[in-house]
Amino acid sequence: MENTIKVERAILSITQDELAKKIGVSRQTINSIEANRYVPSTVLALKLSEVFNKPVNAFFKLTEDD
Amino acid sequence: MNFKKINECERSRLERWSQFQLSHRWKRVGIIICLVAFGILTSLKFMDGEFLEHRFVLRRAILIGLLIITLSKEQLEDEMIVSLRAKSFTLAFVLAVLYALIQPLVNALVFYILDSKDISNGFSYFQVLSFMLLIQILFFEVLKRNR
Chain E
0 MENTIKVERA ILSITQDELA KKIGVSRQTI NSIEANRYVP STVLALKLSE
50 VFNKPVNAFF KLTEDD
Chain C
0 MNFKKINECE RSRLERWSQF QLSHRWKRVG IIICLVAFGI LTSLKFMDGE
50 FLEHRFVLRR AILIGLLIIT LSKEQLEDEM IVSLRAKSFT LAFVLAVLYA
100 LIQPLVNALV FYILDSKDIS NGFSYFQVLS FMLLIQILFF EVLKRNR
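If you read the protein sequences in the order shown, they are chains E and C.
Numbering (numbering that gives the first Met the number 0) for the first sequence: 0 to 65.
Numbering (numbering that gives the first Met the number 0) for the second sequence: 0 to 146.
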């Protein structure tokens with residue numbers, strides 16, 4: 000799974016910490032998601048979708064390994 | 000009550016029990032219990048006397064302290080923390096079983112190498128449980144730090 004959360008965050012010009020507070024997780028969790036070390040749950044993905052105002056598959060993409 | 004209702008009731012009760020956790024402030028309580036009990040247990044080693052009952056109680060206090068640390072929440076308990084905790088429980092469980100399997104072999108090996116007079120075949124529940132709880136706490140902290 001790949002994602003463009005870092006790009007989306009840059010578009011909104013918010014920090015990892017600000018995004019984390021908006022969706023109720025820790026900054027480290029956002030960092031892990033951005034680095035593709037952690038795949039978030041559907042609930043978290045939908046919360047991100049709400050913040051970015053885009054559908055989930057606009058910033059989460061399946062890779063060949065998935 | 001039909002089978003479906005019994006099934007539903009059982010599932011919800013299990014769900015509730017599996018999600019049981021203590022609040023974050025309990026972590027400090029667990030650490031204090033462990034340190035105090037460990038300190039007293041260590042000081043008993045240097046005193047004359049058997050202190051069997053004291054040791055029995057202090058060992059249980061250490062286990063309870065470790066269990067409290069294991070069950071207490073983080074300051075910010077998000078889904079990644081839950082996932083890391085689950086991973087650390089799995090690792091601790093597997094390692095504790097391996098420890099229980101390997102420990103008698105190590106005892107036997109030491110027996111043959113040192114040519115001891117008596118071989119101890121068993122090990123205490125305290126050894127296994129404290130190993131399992133310590134490994135869980137250790138792995139959880141390592142996973143949390145490297146996330």
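Rather than coming from a laboratory, the hints here were simulated on the basis of the structure.
Treat the hints with caution; some may be incorrect.
Once the Cα atoms are required to be at most 30 Å apart in a straight line, the calculated DSS-like pairs of lysine-lysine come out as [as the list claims (entries may be wrong)]:
no., chain 1, residue 1, chain 2, residue 2
1, C, K4, E, K5
2, E, K21, C, K44
3, C, K86, E, K5
4, C, K86, E, K21
Verification of the supplied hints:
no.	hint	result
1	C:K4 x E:K5	violated, 46 Å
2	E:K21 x C:K44	violated, 53 Å
3	C:K86 x E:K5	holds, 27 Å
4	C:K86 x E:K21	holds, 27 Å
Checked against the numbered hints listed earlier, the structure breaks hints 1, 2; every other hint is satisfied.
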